[in-house]
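Protein chains: 2
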Amino acid sequence: MTVKISVLKERDEGGERRVALIPQVVEKLAPLGIAFSMETGAGLASSYPDNAYTGVSVSPDRNALLADADIVLAVQPPSLDTVRAMKPGSVLVSFVYGRNNPDLVKALRDGKITGFAMELVPRISRAQAMDALSSQATLAGYYAVLMGAVHMPKILPMMTTAVGSLRAAQVLVMGLGVAGLQALATAKRLGAVTEGYDVRPETREEAQSLGAKFVDTGVDATGQGGYARELTDDEKHKVRTILSEHIARSDLIVTTAAVPGKRAPRLIDAEQISAMKPGAVIIDLGAEGGGNCEGTVAGQTVRVGPATIVGPVNVASMLAEQASELYAKNIMHLLQQLITKEHGLAPDFTDEVIAGTALTHDGYITNDGVRAAIDPT
Amino acid sequence: MTVKISVLKERDEGGERRVALIPQVVEKLAPLGIAFSMETGAGLASSYPDNAYTGVSVSPDRNALLADADIVLAVQPPSLDTVRAMKPGSVLVSFVYGRNNPDLVKALRDGKITGFAMELVPRISRAQAMDALSSQATLAGYYAVLMGAVHMPKILPMMTTAVGSLRAAQVLVMGLGVAGLQALATAKRLGAVTEGYDVRPETREEAQSLGAKFVDTGVDATGQGGYARELTDDEKHKVRTILSEHIARSDLIVTTAAVPGKRAPRLIDAEQISAMKPGAVIIDLGAEGGGNCEGTVAGQTVRVGPATIVGPVNVASMLAEQASELYAKNIMHLLQQLITKEHGLAPDFTDEVIAGTALTHDGYITNDGVRAAIDPT
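Residue numbers (the numbering used here), protein chains in the order written: chain W, 33 to 409; chain L, 33 to 409.
Just so you know, the hints here were simulated from the structure itself, not pulled from any lab data. All values derive from a computational prediction rather than experimental measurement. A portion of the hints provided could be inaccurate.
Pairs count within a copy or across copies, as identical chains cannot be separated in the list.
To be verified - Cut-off 27 Å, straight-line C-alpha distance, at most; resulting in silico cross-link-like pairs (DSSO-like, lysine-lysine):
1) Lys309 x Lys41
2) Lys220 x Lys245
3) Lys138 x Lys245
4) Lys309 x Lys60
5) Lys138 x Lys294
6) Lys41 x Lys138
7) Lys373 x Lys144
8) Lys373 x Lys245
9) Lys220 x Lys36
10) Lys138 x Lys268
11) Lys119 x Lys138
12) Lys294 x Lys60
13) Lys119 x Lys41
14) Lys220 x Lys294
Construct the complete structure from the given sequences, taking the supplied hints into account.
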């Protein structure tokens with residue numbers, strides 16, 4: 033039962049540099065009887081030239097690859113044309129972000145494509161190896177601190193010189209999910225004095241285990257599914273007062289707060305920014321979702337009063353080689369659930385992970401939340 | 033005996049963000065009876081707003097400040113117009129780079145300005161606190177690694193994730209002066225596997241003390257004044273063969289080789305670059321002197337074969353706040369030699385440090401090397 037898998041070259045317009053397959057994964061999946069094809073140059077931007085992929089056929093004809101594939105792998109949500117070139121009953125594995133891309137979801141449904149959306153992988157321990165949001169967020173958290181460091185007018189570590197010592201920088205990370213914790217770890221590595229803040233008090237120990245002080249505001253905002261709930265106005269005021277002081281003394285702030293399907297929560301307002309130190313830098317990883325800071329512009333670096341606010345988009349793509357490595361391995365673990373040597377491609381929709389990751393199947397939007405949002409009938 | 037010191041705002045065209053005076057130095061020099069003036073906004077780009085300078089008068093009238101000053105402080109070599117507006121017998125303290133700026137040296141001579149060139153501070157232990165080349169190079173070495181990290185498609189540290197471990201990056205630093213050693217230290221902090229190379233074998237222990245492996249080529253090129261001598265062709269070939277292997281396996285290379293008054297030595301050629309890993313990055317701190325790598329373009333980031341070569345200029349200025357702090361303190365230590373409370377401004381030209389730092393005095397080019405280079409008569 034040979035399963036044909038085609039891997040797409042990401043479209044250039046989004047600046048996406050990652051690829052959904054790396055040579056190592058080809059090797060690992062070989063025993064399952066898979067025939068891999070990929071678009072010419074698909075891995076080039078992530079440092080995997082075509083000739084690095086042993087046993088993968090390479091073709092410039094995207095439509096032929098799509099028409100022939102049992103499974104199509106991509107990073108970014110594909111275009112409608114891409115979906116329409118796929119054969120009925122075939123499988124797409126990529127990020128889809130269905131709520132933001134209703135036309136894409138409908139095209140998958142109407143084309144009878146089984147769409148597995150990598151952002152829907154359930155956050156349970158058995159699915160950790162498939163959790164692409166986490167793997168990419170880890171890299172984004174690391175990179176955020178380095179972006180901060182190159183925008184700051186001072187260094188992160190304490191440094192002793194012939195002419196006196198330079199003080200270590202103060203780094204505050206707001207939002208202690210996967211990205212935030214990695215940001216704390218990276219800032220600490222570089223020698224900064226670190227503080228972490230999150231509305232979920234159970235993150236205290238994680239921050240402290242990374243050598244950071246935890247900013248205690250006395251407000252508990254533990255929510256569902258590992259994300260924070262929204263705060264009441266009173267809670268917001270209480271939090272704001274305490275945070276203002278920490279914001280004012282920071283040299284670098286990394287914000288990472290996201291609520292799935294909603295606008296990124298506002299963590300820092302214009303008044304707080306105006307009270308920051310001259311030269312202070314904010315890296316707003318919430319930029320794509322509307323920004324955690326007042327004044328953030330997605331994709332740009334702006335000067336607001338004394339501070340510089342960087343609003344990067346698609347940060348993981350900046351570390352394309354290893355972001356692709358982790359993403360391709362996340363997909364590999366999913367494929368190992370979907371494919372067996374005996375039966376070929378045979379997804380078991382009674383499996384919690386497979387059912388949870390599926391967005392569309394056999395002419396139907398299987399994810400309740402996305403279906404309710406874009407097709408309420 | 034009040035000494036009047038004027039501090040210039042650097043000209044915008046060079047992208048210079050540093051300033052030659054910080055508030056802390058004003059305070060420290062107060063007992064010597066100095067009246068400080070500075071150009072409006074001189075410290076702004078390095079995060080020192082005018083109102084941070086207590087006891088310093090601020091004026092937008094550059095020519096008035098120049099005409100009134102006993103001592104003028106700057107970072108970059110001043111323009112001819114600036115020198116011509118200074119009064120005869122007054123003192124300039126700044127970088128001058130006389131060999132590259134012969135007209136400037138002649139203007140200082142003809143204007144009877146005593147020019148102290150910060151790049152001429154003798155490299156002896158008593159003058160360490162005045163050594164601006166070293167203080168700025170330390171910061172450049174740190175920053176080079178961070179620039180490398182944001183250009184690389186992978187992370188520096190080893191990282192364990194739910195989907196497997198990412199390998200630590202291989203970092204090679206070529207040229208182990210102040211900048212190179214700081215680059216090694218910073219790459220190590222970030223978790224990279226580090227290697228150091230220098231033609232001077234005595235740098236081995238310094239590299240090793242920073243956790244780096246020393247690349248041994250069997251060639252000793254110890255030269256005068258702490259700099260390396262030029263190698264013979266045979267030596268170059270021997271070194272090249274061994275280095276090629278280390279270059280080919282590096283993810284990030286920082287080159288820092290400089291020979292004063294000469295073109296930067298070529299450390300990496302086009303053939304070696306073509307054998308590098310896809311996505312490898314070179315930060316060429318020799319870019320301003322013509323580059324340590326074939327293909328380096330000063331002030332630009334270029335893609336050459338598999339590699340990205342970054343040729344930054346004026347790197348210390350990117351860390352303007354602390355670069356200014358160190359530079360201003362370097363100058364402070366020099367001023368403490370030039371000025372006494374009893375006699376005011378009274379340089380003792382029999383002092384090795386003062387004589388060594390002086391470039392022009394009383395209508396004469398006092399530095400032998402510079403005089404020979406630009407005024408052989």
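Which of the numbered hints are not met once you compare them with the structure shown?
3, 8, 9, 10, 12 and 14
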